[in-house]
Amino acid sequence: MAERPEDLNLPNAVITRIIKEALPDGVNVSKEARSAISRAASVFVLYATSCANNFAVKGKRKTLNASDVLSAMEEMEFQRFVGPLKESLEVYRRDQKGKKEARKDKDKKADSEEQDKSREEENDDDDERMEEEEQNDEEEVDN
Amino acid sequence: AARLSGAENRLVSLPLSRIRVIMKSSPEVSSINQDALFLTAKATELFVQYLAAYSYKHGRGKEKNALTYSDLSHTAEECETFQFLADILPKKILASKYLKMLEKEKRDGEVGEGDEEDEEEEDEDETVGEDVGS
Numbered sequence: 001m002a003e004r005p006e007d008l009n010l011p012n013a014v015i016t017r018i019i020k021e022a023l024p025d026g027v028n029v030s031k032e033a034r035s036a037i038s039r040a041a042s043v044f045v046l047y048a049t050s051c052a053n054n055f056a057v058k059g060k061r062k063t064l065n066a067s068d069v070l071s072a073m074e075e076m077e078f079q080r081f082v083g084p085l086k087e088s089l090e091v092y093r094r095d096q097k098g099k100k101e102a103r104k105d106k107d108k109k110a111d112s113e114e115q116d117k118s119r120e121e122e123n124d125d126d127d128e129r130m131e132e133e134e135q136n137d138e139e140e141v142d143n
Numbered sequence: 001a002a003r004l005s006g007a008e009n010r011l012v013s014l015p016l017s018r019i020r021v022i023m024k025s026s027p028e029v030s031s032i033n034q035d036a037l038f039l040t041a042k043a044t045e046l047f048v049q050y051l052a053a054y055s056y057k058h059g060r061g062k063e064k065n066a067l068t069y070s071d072l073s074h075t076a077e078e079c080e081t082f083q084f085l086a087d088i089l090p091k092k093i094l095a096s097k098y099l100k101m102l103e104k105e106k107r108d109g110e111v112g113e114g115d116e117e118d119e120e121e122e123d124e125d126e127t128v129g130e131d132v133g134s
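The listed protein sequences correspond, in order, to chains Y and C. When you number the first sequence by UniProt numbering, it's gap-free, plus one each residue, and the end is 143. When you number the second sequence by UniProt numbering, it's gap-free, plus one each residue, and the end is 134.
So here's chain Y without its partners, still in its complex pose (with noise of 0.2 Å):
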């Protein structure tokens, strides 16, 4: 399958994953119906995107923040996902701290020629990490 990096859809084999996680064992989920959830969750992005902005522009910032985002989710009437994504966001922050030290440590024993292009590439890391997994889920055959 060609790769489109417009591609506004999410991994099937993902999405498939996360409803299954949702339902009872051995509850069957036609092609069609996780098809139009898929749908369904890049036009949920797309909703919290347009509200968490709406919040950045009140503030006055050009950059949506995590409070832009939490603010949305209440405004959505998805309060039920306020607290989950609260823990979540702290541990994710405890991880990328966790990353950046260790990156630190790694430079600091590089060259300094080395030093400026691992800094480059620092930000690069996970979207590559990220899309590398993406292919690893499209080459799973669907069923």
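Keep in mind that the hints were calculated from the coordinates and are not lab data. Hints should not be assumed to be uniformly reliable.
From chain C, some residues computed to sit far from chain Y (all C-beta separations above 10 Å) [claimed, not checked]:
hint	residue
1	Arg18
2	Lys42
3	Phe47
4	His58
5	Lys62
6	Lys64
7	Glu77
8	Glu78
9	Leu94
10	Ser96
11	Lys97
12	Leu99
13	Met101
14	Glu105
15	Arg107
16	Asp108
In silico DSS-like pairs for lysine-lysine, Cα to Cα no more than 27 Å straight-line [unchecked claim]:
hint	chain 1	residue 1	chain 2	residue 2
17	C	Lys24	Y	Lys86
18	C	Lys97	Y	Lys20
19	C	Lys92	C	Lys64
20	C	Lys64	C	Lys91
21	Y	Lys99	Y	Lys109
22	Y	Lys31	C	Lys57
23	Y	Lys31	C	Lys104
Computed from a predicted model, the values in this text were never measured in an experiment. Positions of the beta carbon are idealized from the N, C-alpha and C atoms, including for glycine.
Chain C: place on chain Y using the hints.
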């Protein structure tokens, strides 16, 4: 190749890069900080679970141990929280039923002359309520 790393143990399964692409497709958005990106991805996962579980619980698919498209479109129509999905999850009508409806309408318009067909009881009279698109 089999994936042995328990994906369920990861903090978020949806790829952040893809979520970012979707978010950036909104013209009014300039930039997104990393935390906001993470939260949006995580929220989307929670949303998928909620939509699936809710639709299964309130739908008729579970009579056959399944989650069907119909369950989802039913949710979009009935539940206020999910109404923003109504346009992309429309109620459906089977093509065969629609064609039969068209045929019946056509026949009703024709002048019958003691035709056997006209006297037969036809299935098309059955209305399958929830399948009819509005």
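Verification of the hints:
| no. | hint | verdict |
| --- | --- | --- |
| 1 | Arg18 | violated (6 Å) |
| 2 | Lys42 | violated (5 Å) |
| 3 | Phe47 | violated (5 Å) |
| 4 | His58 | holds (13 Å) |
| 5 | Lys62 | violated (7 Å) |
| 6 | Lys64 | violated (8 Å) |
| 7 | Glu77 | holds (13 Å) |
| 8 | Glu78 | holds (15 Å) |
| 9 | Leu94 | holds (13 Å) |
| 10 | Ser96 | holds (17 Å) |
| 11 | Lys97 | holds (17 Å) |
| 12 | Leu99 | holds (20 Å) |
| 13 | Met101 | holds (22 Å) |
| 14 | Glu105 | holds (28 Å) |
| 15 | Arg107 | holds (32 Å) |
| 16 | Asp108 | holds (33 Å) |
| 17 | Lys24/C <-> Lys86/Y | holds (23 Å) |
| 18 | Lys97/C <-> Lys20/Y | violated (32 Å) |
| 19 | Lys92/C <-> Lys64/C | holds (19 Å) |
| 20 | Lys64/C <-> Lys91/C | holds (20 Å) |
| 21 | Lys99/Y <-> Lys109/Y | holds (16 Å) |
| 22 | Lys31/Y <-> Lys57/C | holds (19 Å) |
| 23 | Lys31/Y <-> Lys104/C | violated (32 Å) |
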